[in-house]
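S.K.: With my numbering, you'll find the sequence shown wraps up at 643, consecutive numbering, no jumps.
A hint or two may mislead.
[Said to hold, decoys possible] Derived pair list, reagent style SDA-like, types lysine to any residue, alpha-carbon separation capped at 20 Å:
id, residue 1, residue 2
1, 510, 613
2, 445, 468
3, 448, 465
4, 299, 208
5, 510, 611
6, 445, 513
Derived by calculation from the structure, the hints in this document are not laboratory data. Remember, it's a predicted structure, so these values are computed and weren't measured experimentally.
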Amino acid sequence: MMLLLIMAMSVLLPTASFAAETTTLGVNGTTGSEESASTPIPDSFGRDTPRHTVQGFIKALGENDYLLASNYLNLSKSDNPTTVVRQFKQALDAGGRFQPDLQISNTPEGNLTDQLPPNQENVGVINVGETSVPLVLERVLSKQGEQYWQFSSETLSSVPEVIENTEPTLVSRYTVDSLEGKKLFGYQMADLVAALTMIVSSFVFTYILVWLLYHLLRIAYPRVRGVPLPLPNKVVLPLSVVIMALILSEVMVYAGVSVTLREPVNRFADIASWLALTWLLLRVIDAIFTRAVNLSYKKNYTERVSILGLLRKVVKALLLIFAVIVIFGNLGFDLTTGIAALGVGGLALALGAQKTIENLVGSVVVVADSPVRIGDYCKFGTYEGTVIDIGIRSSRVRTLTRTIVTVPNGDFSSMQIENFTSRDMFRFFHQLYIKRTADIDVVFKMVKDLDEFLNEHYLTNQEWNQVHILELRQDSYVIQLQAYINANNVMEFYDKQNVVLVDILTQVKKYDVEHALPTQQLIVNQTDVASSKANSEQKSDNDESASNASKDDDMANRTDGSAQHARDDMDKKQDKHHDDAHNIDLDKDHRASKDKKTAASPDATATKKQHGIKALREKGRALKKRKFKHTKRKFGLSIWNQP
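Modelling step: build the complete structure from the supplied sequences, incorporating the hints.
M.R.: Encoded structure:
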């Protein structure tokens, strides 16, 4: 958008190419001593280039200034300027067709690559019936040394022959009498009504025709190709405008609309056609790239998605820039200065947006080199996660905590990226710790048998299978197990790893070895133990003496009624003895039942353990039956491709 704004401002600064200031008839607008002798003197009527001559002549005809219009014709001294201009206008109204403004040369030398002499320029043709007269300009040298372009005398000499073959136009035949001689905005009312009628009728006709053709194609295309029509129905309107703009010029010529109105209408019709064509191409580009993206997803070429997204935006930007240049050229602006200003503005913009350009180049590098693709789990810098988008300026990665990290592509392309999704197999790497009390011969035989067992296991491949004693520690032997397992994702690898681990532990049980557990050592100072024991004994003696003294005091106070209390105490002791006997029997029964369950529990535990191992082995056999292939990765924004 900034680029388009700068370009629009740059092309609006210069004045229109045909805005030459006219002076009094026959007076040359020279600048005298202010101009150097080497600088060409501009023509006072704006006839310096072929395009200016055509535009100035049509402008003079539109103002009905036939005397001014005669200055654009190469007349002889015997010709009547007003009569010749009137006849020339009549011939142009009957069948004159000028070339579009952009096709007419805008340089003082004219187009030197055509087949005409250097001093002649073809700008159109007059077709009336079977008569065809080319509209040729010739470069004239005045007595004052000025060079300018005028309609050639050969073209003007053929005009009377064209007029003899002309017939009344449709506009002149069907014009209402009340509109005769009336003008609006400097144009004849009859011509304005006719032009408006033809514009509306042409648009309605072309829209209905294009709509019918589109729906017929929408029905026939699937029957021929077997797939739906890729173009959306949004192309109907812009395509109708393009076709209408192409046929409108011929319709207006056929109807006999005045050339003074026809040329401005043709100019704006060209602008409308370019706008509609740009709109149509944008729709087509969207349809093409959408189909390409869907095809990339279908064939699992996810790395192409980012390339297609970037290419789509670049193509659209170039198309819009080209359309703006052409539209302003049709409006009559000189684009040379505008393009130069655009280059300077683009350079200034590039210097001020170095980081943005760096990120843009980084996005191209990331897409072209493809260190990661959308859906890959990767690690870069201090972050790791799943790539969910690779844009023009930055890339987005979803981490394991479900947050999104946005990384500028300039930095992302220069980082060391570890792609976990690209691995073709998973590493099985574990260690066993066996107590040093085991016999070394038994340990060595166990290592040898485990190496053979791991090499022949149905879930491992032949990439690297090895079991060896890695380290001798004070309390254990460290046995390292190394292998590679084929798996399509980390979840499948974990399932297969469980099976391999259980099978290895089952093999270790066959040998007279024990797994080493972490040990701890407690160091106690004997002096501290002895002093602590003496303090505790002294404290217990003090407590016992205090208790005896309190008992003597209680016995003295409770002399009365001791017999009754003694009888009560005897009764309570008998009841308590009876309850204790009953409780002892219940505890015996509880311990007996607990002993029975304990006696039966080893068999139940063993049975349950055997069932668990059996189920795990069955799962391993099912994983073995699953055919492993190195297929292309499917697109998915999953975090399960983690290490």
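S.K.: Are residue 510 and residue 611 close enough, with their CA atoms no more than 20 Å apart?
M.R.: This hinted pair holds, its Cα atoms lying about 19 Å apart.
S.K.: Under the criterion that the straight-line Cα-Cα distance not exceed 20 Å, is the pair residue 445, residue 468 satisfied?
M.R.: holds, 11 Å
S.K.: Given the hint that residue 448 pairs with residue 465, does the C-alpha gap stay at or below 20 Å?
M.R.: holds, 12 Å
S.K.: Can you confirm whether the C-alpha distance between residue 445 and residue 513 stays at or below 20 Å?
M.R.: This hinted pair holds, its Cα atoms lying about 11 Å apart.
S.K.: Between residue 299 and residue 208, does the CA-CA distance stay at or below 20 Å?
M.R.: With a Cα-Cα distance of about 39 Å, the restraint between residue 299 and residue 208 is violated, given a limit of 20 Å.
S.K.: Between residue 510 and residue 613, is the straight-line Cα distance small enough, at 20 Å or below?
M.R.: holds, 16 Å
In summary, the structure is inconsistent with hint 4 from the numbered list given earlier, while agreeing with all the others.
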